[in-house]
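Line by line, the protein sequences are chains E and W. Take 1 as the starting number for the first sequence in the UniProt record's numbering and just add one per residue. Take 1 as the starting number for the second sequence in the UniProt record's numbering and just add one per residue.
Simulated from the structure, these hints should not be mistaken for laboratory data. In this text the structure is predicted, and so the values were computed from the model without any measurement. Treat the hints loosely; a few may be bogus.
[To be verified] Okay, derived cross-link-like pairs now, DMTMM-like style, lysine to aspartate or glutamate, Cα gap no bigger than 25 Å in a straight line:
id: 1; chain 1: W; residue 1: 171; chain 2: W; residue 2: 91
id: 2; chain 1: W; residue 1: 171; chain 2: E; residue 2: 15
id: 3; chain 1: E; residue 1: 108; chain 2: W; residue 2: 5
id: 4; chain 1: E; residue 1: 67; chain 2: E; residue 2: 15
[Said to hold, decoys possible] Stretches of chain E that chain W covers, calculated by requiring three or more beta carbons in the stretch to come under 8 Å of a beta carbon on chain W:
id: 5; region: 74-88
id: 6; region: 92-103
Just so you know, even glycine gets a beta-carbon here, dropped at the ideal spot from N, CA and C.
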Amino acid sequence: MTLEASSVSFRYGREPVLSDVSFTLTEGRFHALLGPNGAGKSTLFGLLTRLLALQQGDIRLGGVSLKKQPAAAMRQIGVVFQQNALDLDLTVQQNLMYHAGLHGLSRKTARNRCAQELERFKLSARAKDPVRQLNGGHRRRVEIARALLHQPAVLLLDEPSVGLDVPSRETLNAHVRQLCHDDGLTVLWATHLIEEVQPDDQILVLHRGHLLADSNGHELCQNTGTSSLADAFRALTGEDVS
Amino acid sequence: MRLRDYWYCFLAIQAREWLRFWQQRTRFASALVRPLLWLLVFAAGFRAVLGVSIIPPYQTYITYETYIAPGLCAMIILFNSMQGALSMVYDRELGSMRVLLMSPLPRPFLLVTKLLAMGVVSVGQVYVFLLIARLIDVEPPALGYLAVLPALALTALMLGALGLLIATWIKQLENFAGVMNFVIFPMFFLSSALYPLWKMQEASPWLYWVCQFNPFTHAVETIRFALYLQWNTEAFAITAIITVVLSALATAGFRPQRTRILGVRTGGR
Numbered sequence: 001m002t003l004e005a006s007s008v009s010f011r012y013g014r015e016p017v018l019s020d021v022s023f024t025l026t027e028g029r030f031h032a033l034l035g036p037n038g039a040g041k042s043t044l045f046g047l048l049t050r051l052l053a054l055q056q057g058d059i060r061l062g063g064v065s066l067k068k069q070p071a072a073a074m075r076q077i078g079v080v081f082q083q084n085a086l087d088l089d090l091t092v093q094q095n096l097m098y099h100a101g102l103h104g105l106s107r108k109t110a111r112n113r114c115a116q117e118l119e120r121f122k123l124s125a126r127a128k129d130p131v132r133q134l135n136g137g138h139r140r141r142v143e144i145a146r147a148l149l150h151q152p153a154v155l156l157l158d159e160p161s162v163g164l165d166v167p168s169r170e171t172l173n174a175h176v177r178q179l180c181h182d183d184g185l186t187v188l189w190a191t192h193l194i195e196e197v198q199p200d201d202q203i204l205v206l207h208r209g210h211l212l213a214d215s216n217g218h219e220l221c222q223n224t225g226t227s228s229l230a231d232a233f234r235a236l237t238g239e240d241v242s
Numbered sequence: 001m002r003l004r005d006y007w008y009c010f011l012a013i014q015a016r017e018w019l020r021f022w023q024q025r026t027r028f029a030s031a032l033v034r035p036l037l038w039l040l041v042f043a044a045g046f047r048a049v050l051g052v053s054i055i056p057p058y059q060t061y062i063t064y065e066t067y068i069a070p071g072l073c074a075m076i077i078l079f080n081s082m083q084g085a086l087s088m089v090y091d092r093e094l095g096s097m098r099v100l101l102m103s104p105l106p107r108p109f110l111l112v113t114k115l116l117a118m119g120v121v122s123v124g125q126v127y128v129f130l131l132i133a134r135l136i137d138v139e140p141p142a143l144g145y146l147a148v149l150p151a152l153a154l155t156a157l158m159l160g161a162l163g164l165l166i167a168t169w170i171k172q173l174e175n176f177a178g179v180m181n182f183v184i185f186p187m188f189f190l191s192s193a194l195y196p197l198w199k200m201q202e203a204s205p206w207l208y209w210v211c212q213f214n215p216f217t218h219a220v221e222t223i224r225f226a227l228y229l230q231w232n233t234e235a236f237a238i239t240a241i242i243t244v245v246l247s248a249l250a251t252a253g254f255r256p257q258r259t260r261i262l263g264v265r266t267g268g269r
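Generate coordinates for the entire structure from the input sequences, incorporating the hints supplied.
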């Protein structure tokens, strides 16, 4: 399923945070949203997830407007937030069941889906453990498993690797790419870490609320006359990326 | 959207609230200490100086403990609601709020269900309190315990919605101390929880009117009458209307950017 943002602008009070941002996420592809802290990534995520109300422009999922048919659009979205959104005192299973219920799944369906997702993420053995006992990498996997419980077509991840060590970060990144490949999920992965982006990815560069580029890594380098993504980013924004 | 989606969502939110209650049962037990101190210590001391004449719904002279028990029930809900609302917007509940708001169901439904679920846990605490109060001869009729349930639930929703409204819109009250001083204490003391309003009228007519305009007074009276199997139409109607208005305002006016749900509070800029 495609996700299309058209002419999205947003301001907090008088302060513009996003200015006329338009892009399309292609079905079954991994998209990287690259931008330094303060670029407007979290605001864009707020809008994509309906936490923030659209002020200008629209976001469509498979043609369904988030503004006009929010419920139908939200069913297609799975989200992993930057900050922990798990209940640390509850078990992995209890966290997943809560999410499933919020999406209107019956207990029976929810139990089956939980078992499937936990199996896929190799977390079945941890189902009855309180989340507090899991390490950072496992918690992130639980959050992704949870985001997929209601079988969305689009997965949005807002800096999911923040706070993880390098090996966990790489594993997580590879895992999501695999999902994209296996299930045809449309993925938007926001990051400020260039090493999480690959040249074949479709890359959206967001800087101070403006979308400066929307192309794959090779084109990005070509257009900026640079030889690496880091250089391309620097050429576009005048800033270093981590 | 199918009706059963709403039902499963409602059940999931309730179930989570009870799971959390069970995980944190010692914290909830300690929340009972405050009303019990009021009942066992404050009331014992004040019984000597405060005579309570026969007023409805009581049919005989009552002890001061009996008089303040309904007010203390409402106090339990008041503290819990304010604490719950603050945690929804600022701390403990932020993660679960993010997940909650990702549901495709309408936001007002999600928020009201969440407030109700938190209220149900408060109501559970009220029943434990009432059982303990029975040991010191606060003995409403047995059916009163059942009759008071809707009054307690209504109060919980009213105060939960008030808490959410305050937590979302009044930046200065983002810590519990502020809410205690500017919301909880004024609401509690300027009500019929601790003294009958005719006493207050004797002391100061304008304070009496402040109490009359305090929705908490009417919640306390609804609880008091229901507990003694009487129906106070005026108190119930006022409580119900204020509940509906506050719920509508709190849910329609809910803005995640005014909270920490997005990660940082941005609305103040």
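key: Earlier hints that do not hold, by number   = Going through the list in order, the structure violates no hint and respects every one.
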